[in-house]
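Asks: Line by line, the protein sequences give chains L and Z. If you read the first sequence in our numbering, its first letter stands for residue 1, the second for the next number, and so on. If you read the second sequence in our numbering, its first letter stands for residue 107, the second for the next number, and so on.
Hints are not guaranteed to be accurate.
Cβ-to-Cβ under 8 Å is the rule here; a few derived chain Z residues that face chain L [as the list claims (entries may be wrong)]: (1) 146; (2) 151; (3) 162; (4) 208.
Calculated from the structure, these hints are not laboratory results. Every value quoted in this text rests on a predicted model; they were computed, and no experiment measured them. Each residue gets a CB set at the ideal place from its N, CA and C atoms; glycine is no exception.
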Amino acid sequence: AQRVTQPEKLLSVFKGAPVELKCNYSYSGSPELFWYVQYSRQRLQLLLRHISRESIKGFTADLNKGETSFHLKKPFAQEEDSAMYYCALGGYKLSFGAGTTVTVRA
Amino acid sequence: DTGVSQDPRHKITKRGQNVTFRCDPISEHNRLYWYRQTLGQGPEFLTYFQNEAQLEKSRLLSDRFSAERPKGSFSTLEIQRTEQGDSAMYLCASSLALPAEGYTFGSGTRLTVV
């Protein structure tokens, strides 16, 4: 069975501070991992994929197979980063974590 | 093509009534997914189609739920004899055959059963 755990429901940081959202997964095969974001009153949208090793809006995420983690990081948080973030695992069928609400304060 | 469209945006229904939701995916996407999201939870997989074939259904999808994608384009999700526990956001998403590209989600249909 595949499972995604996001241990933090809420995360509050000051503008300019680093932010890290934790994601742990369980999966028997080779995982495909994603981060999705939902801004206020907007639809859920893809933020980044582990296979592309890209940086989107200053966010990066590294897959650590030993720790079965895929934490999302940004060195300097901005107010527009305030949103709900979901970690997701899988191929044709995604399993989502419960999400972390990030609030960036001025 | 402006993305994945879902209709209606909101639906309030009385317990025991039937409801039907519609999803129009991105036209080039041959995979279509239905998810359900309740408060404080991430989206939960319900079912998915590749073209017109329904390839998998979650155990969350009871006999009261049925989904179709008759021509491999739009899809409908019907809930019969609604119950209060069916109140949730129903999300539709579509993707290319390569799932690693990620999904494109619609805005969802919020169902409230009173």
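Asks: Taking the hints in turn, state whether each one holds.
Replies: Consistency of the hints with the structure:
A cut of 8 Å between beta carbons decides the hint on residue 146 (chain Z): the least distance to chain L is about 7 Å, and the hint holds. Interface restraint check: residue 151 (chain Z) against chain L, minimum CB-CB distance 5 Å, threshold 8 Å, status holds. With 8 Å as the threshold, the beta carbon of residue 162 (chain Z) comes within range of chain L, its nearest partner Cβ sitting at about 7 Å, so the hint holds. Here the hint on residue 208 (chain Z) is kept, as its CB sits about 4 Å from the closest CB of chain L, short of 8 Å.
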